[in-house]
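**Q** Residue-level listing of the chains:
Protein chains: 4
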Amino acid sequence: MHNIPPSQPFDDDKLKEECGVFGVIGLPEAANFTALGLHALQHRGQEACGIVSYDSQHGFNSAHRFGLVRDNFTKSSLLNTLPGPIAIGHVRYSTSGKKDAVIRDVQPFLGEFSLGSAAIAHNGNLTNAVALRRELIEKGAIFQSGSDSECIIHLIARSFQNTIPERMKDALRRVEGAFAIVAMTRTKLIGVRDALGIRPLVLGKIGDSCWVLASETCALDIIGADFVREIDAGEMVVITKEGVQSHRPFAPARPRPCIFEQVYFSRPDSIVEGRSVYETRRQIGVELAREHPVEADLICPVPDSGTPAAVGFAHESGIPFELGITRNQYTGRTFIEPTASIRNMGVLLKLNVNKALIKGKRVVLVDDSVVRGTTSRKIKEMILKAGAAEVHFRIASPPVKWPDFYGVDTPDQAQLLAATMTLEEMRAHLGVDSLKFISLDGLYRAAGHPNGRDNENPQYCDSSFSGDYPVMPTDMIEKGFALQAAE
Amino acid sequence: MHNIPPSQPFDDDKLKEECGVFGVIGLPEAANFTALGLHALQHRGQEACGIVSYDSQHGFNSAHRFGLVRDNFTKSSLLNTLPGPIAIGHVRYSTSGKKDAVIRDVQPFLGEFSLGSAAIAHNGNLTNAVALRRELIEKGAIFQSGSDSECIIHLIARSFQNTIPERMKDALRRVEGAFAIVAMTRTKLIGVRDALGIRPLVLGKIGDSCWVLASETCALDIIGADFVREIDAGEMVVITKEGVQSHRPFAPARPRPCIFEQVYFSRPDSIVEGRSVYETRRQIGVELAREHPVEADLICPVPDSGTPAAVGFAHESGIPFELGITRNQYTGRTFIEPTASIRNMGVLLKLNVNKALIKGKRVVLVDDSVVRGTTSRKIKEMILKAGAAEVHFRIASPPVKWPDFYGVDTPDQAQLLAATMTLEEMRAHLGVDSLKFISLDGLYRAAGHPNGRDNENPQYCDSSFSGDYPVMPTDMIEKGFALQAAE
Amino acid sequence: MHNIPPSQPFDDDKLKEECGVFGVIGLPEAANFTALGLHALQHRGQEACGIVSYDSQHGFNSAHRFGLVRDNFTKSSLLNTLPGPIAIGHVRYSTSGKKDAVIRDVQPFLGEFSLGSAAIAHNGNLTNAVALRRELIEKGAIFQSGSDSECIIHLIARSFQNTIPERMKDALRRVEGAFAIVAMTRTKLIGVRDALGIRPLVLGKIGDSCWVLASETCALDIIGADFVREIDAGEMVVITKEGVQSHRPFAPARPRPCIFEQVYFSRPDSIVEGRSVYETRRQIGVELAREHPVEADLICPVPDSGTPAAVGFAHESGIPFELGITRNQYTGRTFIEPTASIRNMGVLLKLNVNKALIKGKRVVLVDDSVVRGTTSRKIKEMILKAGAAEVHFRIASPPVKWPDFYGVDTPDQAQLLAATMTLEEMRAHLGVDSLKFISLDGLYRAAGHPNGRDNENPQYCDSSFSGDYPVMPTDMIEKGFALQAAE
Amino acid sequence: MHNIPPSQPFDDDKLKEECGVFGVIGLPEAANFTALGLHALQHRGQEACGIVSYDSQHGFNSAHRFGLVRDNFTKSSLLNTLPGPIAIGHVRYSTSGKKDAVIRDVQPFLGEFSLGSAAIAHNGNLTNAVALRRELIEKGAIFQSGSDSECIIHLIARSFQNTIPERMKDALRRVEGAFAIVAMTRTKLIGVRDALGIRPLVLGKIGDSCWVLASETCALDIIGADFVREIDAGEMVVITKEGVQSHRPFAPARPRPCIFEQVYFSRPDSIVEGRSVYETRRQIGVELAREHPVEADLICPVPDSGTPAAVGFAHESGIPFELGITRNQYTGRTFIEPTASIRNMGVLLKLNVNKALIKGKRVVLVDDSVVRGTTSRKIKEMILKAGAAEVHFRIASPPVKWPDFYGVDTPDQAQLLAATMTLEEMRAHLGVDSLKFISLDGLYRAAGHPNGRDNENPQYCDSSFSGDYPVMPTDMIEKGFALQAAE
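Chains as they are written, first to last, in the working numbering: chain V, 1 to 487; chain B, 1 to 487; chain C, 1 to 487; chain R, 1 to 487.
It should be emphasised that the hints constitute simulated quantities derived from the structure, not laboratory data. It is possible that part of the hints are untrue.
Intra- or inter-copy, both count: the list cannot distinguish identical chains.
[To be verified] Below 27 Å or equal to it, Euclidean Cα-Cα: the simulated DSSO-like pairs (lysine-lysine) are: (1) K139 / K188; (2) K14 / K75; (3) K361 / K205; (4) K169 / K139; (5) K385 / K355; (6) K359 / K436; (7) K75 / K378; (8) K378 / K205; (9) K205 / K385; (10) K359 / K205; (11) K401 / K378; (12) K205 / K355; (13) K188 / K205.
Let the hints inform the model, and build the full structure from the sequences given.
**A** So this is what it looks like as C-alpha cells:
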C-alpha cells in the first residue's frame, strides 16, 4: 500500500535489526534532539520513524512517517508540531511477516489510559505475542496495528495499578521475549530491558538535569550527551526532573545480551561493555587470521560491513589491506525494475571490483556473514571475472544455522545456507578456493572473553549460531518450529 | 524554487564535480542502460538527472528530474516513456552561481534543428560563455536555461553545415574551455573531448554492435560493457550501426587532463590512464608518508574520501591503519534546520569519533583536501575531545590556492584557506600538531610520472594548485579575476 | 498536521453536515460502487473519505484518505486493493472541535473482535460520548481516534453476545444521540437508525440480490439502484445473500427526523418522505412570498443554496427570477493567504454581482439561512455597490438560535446572530431595507404538513430553531450548556 | 507525462476556450493580484497557470504550474517568490493536439532579448504558425515548447527595432490569426488585440496609478478595479507609470469579436459591449421562445450553462422554470476508471434528474449547445427514464457545423453532429419530441443587433455557425481542410 523508500543501502542477503529507540527529558525542543538521536540510530531501521512529545500547553503530539529521519524530521514545520521538554522516538525496520507497511504499525504507540496518556517505543520481539493477542481480543481489546508490540499497551490499560510505571511492570511480567523499551508519560521518561538484557539500552546525560535513553551510545554522541551507563538486564529506570530511580521488576537472571549487536548491528563507534564495537570487530579479524591463516597477496573487505575485520585480519597476517571492491553509496534497496536485457546484473548495481588491483592476485575476501549466500556467490564471480588467481572467503561470524526470535529478522531456516549444507558443500556452492568461519569461541574471545564461550552459563544470546534459545519461542513452536539441541 | 533532495552525502567543504555524461547505441531499451550508467556516475552530480532517447516510432522522448537516478529512473512507468535503441543521459551537480535550480537547466538539452532534432549532454565549463551568450542574444537567440552549455545548441542551430556532426564541429570551434560531450541524433551517437582533454570520456562496447560513451569506466562495468579506450583529447567520435568514425576537429595540442579526476572525482574503481584511481590515491598516501613522516600510534582516514591515501600512508609508514572515525551513511546534504539549542553541532551529524580507540593516542588524520578548512577544524576538535594525545593532518593533495574554471565547483579564491594563509598559519588555524600537504611533484609521481611535474609541458591541468591556466578564463577575467604567475 | 484540500466550495458562514454513509452487498467490485455512492454524497462531507471491503481471499481491506472521493477513489490502483462483493464507505466533514485532522479519525472504523472483524461507518453525534469514553478507558479500552463514534466499536468488543448484529444492539442501546450507521461483517451488511430517526438512511436494490444502504437517494441513482424504502426510525436491517431482516432493538418512539436535511443538507434531487427536497425548498419560497411579500423588480438567489426557494418566491410573487450573483465554481475553502493589500476582499473571491442587471433595481435576495451573518453583510455591500435601489433579504429557514448536538456542525451559540439580536437589530446590522425569515409553521407547511408544527408531537427535530432538544445533550450539559425553554 | 488534475467540471461534449490572460502594473504585490485575476478567469482554462513578475531587486521571476490557480498560487511560499509591482499571468486549457502536457508549454513565456527580458501571455490561435515555425527553425531558432505562441517570442528576438513594443509590432505584423496578448518588460505593461478583435481584452484601473489588463471584466471586479474600456480591435496599449499610450500597428479593419464569448465562454457577470453576458444569454432564451414555442409543463435548464437562456425562455413563454436536473458540483474531469460493471454510467456521474418533479411532465430542456450530441442523448435518456411525458430540446446557439481556428477547441468536423446530419436526423438521433436551435439572426438580435446579422459586414466572427472565416486558416488548409462557402 505504501512505497517503501528505496534508501536502504544493504542488500537482502543480510540479517536485519528491527528497531532503534530513543528518549530524552529535561531540555527544550526535546523532539529535535530525538530526531538527531534517531538519525544516529538509522542503521537499526530505515522503513519508518516516529516521535511523540509532551508539552503542558499542547498535550501529547505525535508524528509517524515512512522513510528516513533525514527526509522527514528535518523540517521545522514538522518539528514545531512536537513541542515540549520530553519526547521519545523509534526507527523500525519492518513488520514481521507483513509485506505492506501501514502507518498504524509505526511506533511509538500512544495510549490514552484512565491514569492519563503514555507513549511507548519497543525494540525487540515478544515470543508469546500471538497467545497474548488472542487472549486480549477475547477480553474486548481492539488492536490498532498488526504489531505485536501493541500487546504491551493493552496490558498496561488492563492493569489495576495506580501509576503508569507500576502498570508497565504488570504488563511486562506477562510478556516473554526480548525488549528494550523507552516510554513516557507527561512527566516521566521510562526505560526497561528484559530480564536477560537481550536488546541494548544505554543511559546518557547532558548537564545536570537532562537525561537520555538510547539503543546505542552513538545516539548520545550526536547530541553531545555523556555516556552514564548501560541499563542493566532486567532493570527499569524511571526518570523525572528529580533524577533516575532504578527498579528491578523481574526475577533475577544472568544477562545474555545479543551477540549480533557486536557482530552486525551496532554502529562501530558505539561502546558496548566498555569498548567500541569497531574494536571487537577488528579483533574478530585478528582471531580469524589466527584460526584460518592463508597465503595471499591482499586482504579485501566486502564493504562496508566487512572492513573492521579485514583491518584486523590484515594486521595479524601481515598481508596488505586493499580496497578491492567499491560500493556505490547511492544504491538504494531497489534499483531498476529488471527488464529482460538487464536482469541478473544483481550485485553489480552496488558493488564493483577494482580490476586493475585484483588481476592475478590471490585475494582474501573478509565479509561479516553468510546468510543465504546469494551475495557471496556474486561477489566471487566478480572477483574471478576480474582475473583473481585465488579467492578465499573469511567470515567474521560463525555459520548462521538457526533463526532468531528476539528481534532480528532472519530468513526461514530452510533458506540459511549453513543450515542445509556442510562447510565443504558451502565452499563448493560458493565456488571459492577456501571458506572459513570464525569459531564461536573465537568470537567470544574477540568480544573480550579470553576463555571463549562458557557453555554452562553462556555470556551472550547466540541462538542463531548455537541453537541455544534462552527464552522459549512459544509462538513459533505453536507454528511448528522444532527446537533442536545445539550442536 | 525546488527542493534539492537531501541525498548528497558530501559536505560543503569539498570541491564538487559538475557533471557526468553517458550514451549508448545499438541495443533495445537504451534508456534503461543509460539509467544504470548514470547511477554509476552519480558521484559526479546528485542534483538532477535527465535522459533523452529516440525511437523511429515515437520520435525523441525525454525526462528530466531533480534528485537521484535511483529515485527517478527506476520506475518502469517512467522508463517506458523512453523507448528506443539510442539514448544519452546526464547527471549534474549545480547551476554555476545560481541558488535555485530550475528544471529547464537540467540536461540533456534537446534542440529542433532544420536538419532534424539532436540532444546534447555536456560535462565541463566554457570559459567564453558569457561573451558567446551576449553575441547569440544579439542575433535573436532565445535562451531556455541559465546554463552556459546551451550556447552550444544555439551555435549548432546557426551553423550552415549540412549534418549535425559537421555543425557540432563548427559550434565547438567557437567555444573555449573544457568539455566532454555526448550527443545524439536519430541515428548517431557522438562523443567529443576538448582539445586538451581536460574532462574525461571513455568508449566501451557490448558485443559487436553496441557502443557506449561514459565519463568513467565504472559506468561501463555496471552494464557489463568492455572498456575499449579513452576518447583522445581533441577527438570527436561519430558512432552509427556501421561503427566508430574518428574526427579531429581542433588544432592539435598536448593533452592536459584534469588532475582532480585522480585526486577527487573519479570513482576509485575507474580506470584512468591504464590504472585504477584507487591505486593512484593509495600511492599518494605512500608519497605523503615519504615526504612527511611522523611518529604516531595510528593512521586514521577521514571517511570516505581519505581512505585510499590512508591505506598507502599506513603501509609505507608501518603505523597501523584504524577506522577511528565513523560516517553516518544516512546523512544527506542538509539535516535538521538548526534551532538555538542544536546549532553548531555541524560535523557531528555525519561523522563520529571512535572514542575508545582514539583516547591517549597520537593520531595521523589523512584527508583528501583542505578547501575552506571548516570541516578540518571540526574533525580536529572531535578528535581532541575524544582524548587524542596528538593530531597530525596529512593531506593527499597540494594546497588549493586558485579557483577552477573548467567544470569544478570551487569557492571564491578569498574563501580558499591556502590562498590566504601560509602553511604555518593554516596549522595554527586548524589547531593541530602538524599539517602537511603532498607536493605537486609528489602528486605527479603518484599519478605515474616518476620525474614529477614537467614544468615546460605539464602533463595535467592543475590550475587550482599551480595557478597555471591552460585555457584563458575569458569570462572570469572580464568579471575581474586577476591571473597571477604560479608561485 | 494535514493540509485539508481546498475543495470545499461553501463558506464558513454555513451549517455543515458531518457525514454521509454508504454500503453495498451482492455484486462484484462493491468498492467501486461505494466510491460512486460516496461521490454522490460528497456534499455531506468533503474533508475525508474511506472505504472498507471484504473478500474471502484477501480478507478485510481498507483505505482512508483526506480530500474528495474524485481525487482519491478514482484510481484503479487504489480500487484494486479493495476487492470483494461487500463494502461500506464514509465521507466526513470534520472532527468535532479539533483543528487538525488525523487519518486515524477517518471512518469506517475496522475492529478485530473475538467473533471476527467488522467495520462501521457512523453519521450523527452521540450525546453521551464523553461519559462513555471515560467509562471505557477506565475498563482498559485504548482509543485509536479522537472520534466519539469509536465508542460504538469498543462497546461491541465488550458485549457478550454471540453475533456481531446482537453485539451491535447491545452497544447501541448504551449510546444516546443521533446515528445512522452502516456496518459490515464478512457476510452481512447492517444498517441502523436511532430511535427517533434523526439522521437519514435509505435502502435500495439492484436486481434481485444486490442491496444498497445510503444516507440519501441520490446515491442510489448514481449506481442505477432502485429506491426501496427509508430505514425506519429505530430499525436495524441485517442484509445477507438471503435478503433483508428487520429488527427493532430500541424502545418505540415517534420519529423526529432532522428538519435540516430538508432545508440544507440533502441534495435537491434526493427523495425524502416521498417527495424531492427541491420541491420542499421551492415550496419554502412560495410560503415565504406569502408570509413576507415585497414590491421589487427582481428575485435574485444567493447561489447555489438559495436558488430553489428563489424559484418558488418568484413564481408565487410574479416578480422575475434573475441570476444577479455569479458564483466562481473554482473557489475552494481557502484562497489566497491575505496580504495587507488584498485583505478584506472576502466574499468577492467566490461571488460577484452582475452589475448591469442590478443597477437601479429593487432586489429581493433569497438565501437559505443566516448563521453568523458575515456573508450576508458582504453580499449586501456588493449589491449596494452595484447600484441597487433597495435590498430585501428573504431567508428560507427560521432564525438559527440554538446549537445542534445531533451531527450538524453549528457555531457556538454566542456566534449565532439570531441568538443575540432581535429581528430589527439583525436587519440594522445587515444594513438592508427589510429582512424576513420563514416561520417555523411555514417551514413545516412547505415540508408537507398543512397544519404546520404539531407542538405536542413535533414532526421533526428542529432544535436549532426551537430549542426543543428531543435527546438530552448530556455531554454538553456537563460542559455547561444551559437548556432553555423553547420560545 | 503529467497528471492533469481532475478539477475540470465540464464534460468533453463542450467547446473549450484555450486561455485567459491578465496583467497589472503599479501596485505592490502585483503577483498576488494576478493570482486573483487568474482565479476569476479560471473558467477559460483549468489545465495550467503561470505568473511572471518583475522587481528591480530580484529581476524577473516566474512560476508555472499544472492545475488550478487556487491549488497553486494561494500559498505565500510561492507568491513570495514573485515580488514586484508588475506582473502578468495566464490560464490555459490545453495544448493544441498534444495529449501530454509539459510544463514548458505553460505560459507566460519569458524571453531574454538583447534589449532586456520580456514576458508574454497569449490567448488565441495563430493560423500561420506552422509556416512561421518552419521558417524560424531554418534561421536557427530553437523552440522551447510545442506551443505556437512561441513564434511570437522568436519574431520579437529577430526584430531590429530598438524597443520591445516596436519589436512586438514587427512580430505581430508577421502573424495571422486571433490573439489577445498581455506582455511586460521591466517597466511596461503591454496589451494587444488582433486587427479584428476576435479575442477579448479589457482595461481597468485602481486609483490613479494602477492599471489592469484582463480577458474579461469579472477579473477586474475580483480585485476591486474599475472597468475603463475594452481594448479596441487592432489596438496596442503600452502602459507605464506615466499612463496609457495607444498604438494602432495594424491595417484598419471592421471588428469581428468572437460570438462564442457571448454564447459560451465569458462568465455571465462579465460585461461585453456594454451589457452583461448574462443578459445576452437570457435574451437568447427569449428569442428562442419566440422562434420555437412549445406547449409544455416546465422549462428545465441543463446546468449550469443552460440556465440563463432557460430563465429567458420561461419568462417569455410563461411556462414555469424549474431545476429538474441537479449537477454534482464535485465532479471533476475524470471519475472512476470504468470497470465492466460500471461502464456506461457516463453522464450520471455529474447530472441527476429530479424524478419526483419530472414524472409525467412535458419538459423543455434548454442547453447552450449541441456539439457531438453524446451528452444530449444521455440527458434525454435520464429524463425519459424519470417518466417525462415529452422531451423538447431548445438550444441557445445555432448548429455548430464548422471547426474554429481562432482559439476555441472544437472537435474535428466529422465529429460535429450538425455537420453530418440534417435537423430532423439530429432530432431522431437524440430521440426527442422536438429539437430546435436559435437562428443566427436570432442570436445576433439577442446580442443587441435588432436587425440580425449584417451579411455584408458581419458584426461577429461566427465561423463555427456560418463557415465564414474572417482570417484565412493557412496552416489548416495546408493540412487539408477545405473551406466551403457558408450556407
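**Q** Now tell me if each hint is right for this structure.
**A** Outcome of the hint check:
no., hint, verdict
1, K139 / K188, "between (29 Å within a copy, 23 Å between copies)"
2, K14 / K75, "between (32 Å within a copy, 25 Å between copies)"
3, K361 / K205, "between (51 Å within a copy, 26 Å between copies)"
4, K169 / K139, "both (20 Å within a copy, 18 Å between copies)"
5, K385 / K355, "within (9 Å within a copy, 40 Å between copies)"
6, K359 / K436, "within (23 Å within a copy, 33 Å between copies)"
7, K75 / K378, "between (40 Å within a copy, 24 Å between copies)"
8, K378 / K205, "between (46 Å within a copy, 22 Å between copies)"
9, K205 / K385, "between (52 Å within a copy, 17 Å between copies)"
10, K359 / K205, "between (52 Å within a copy, 21 Å between copies)"
11, K401 / K378, "within (21 Å within a copy, 45 Å between copies)"
12, K205 / K355, "between (49 Å within a copy, 17 Å between copies)"
13, K188 / K205, "within (15 Å within a copy, 57 Å between copies)"
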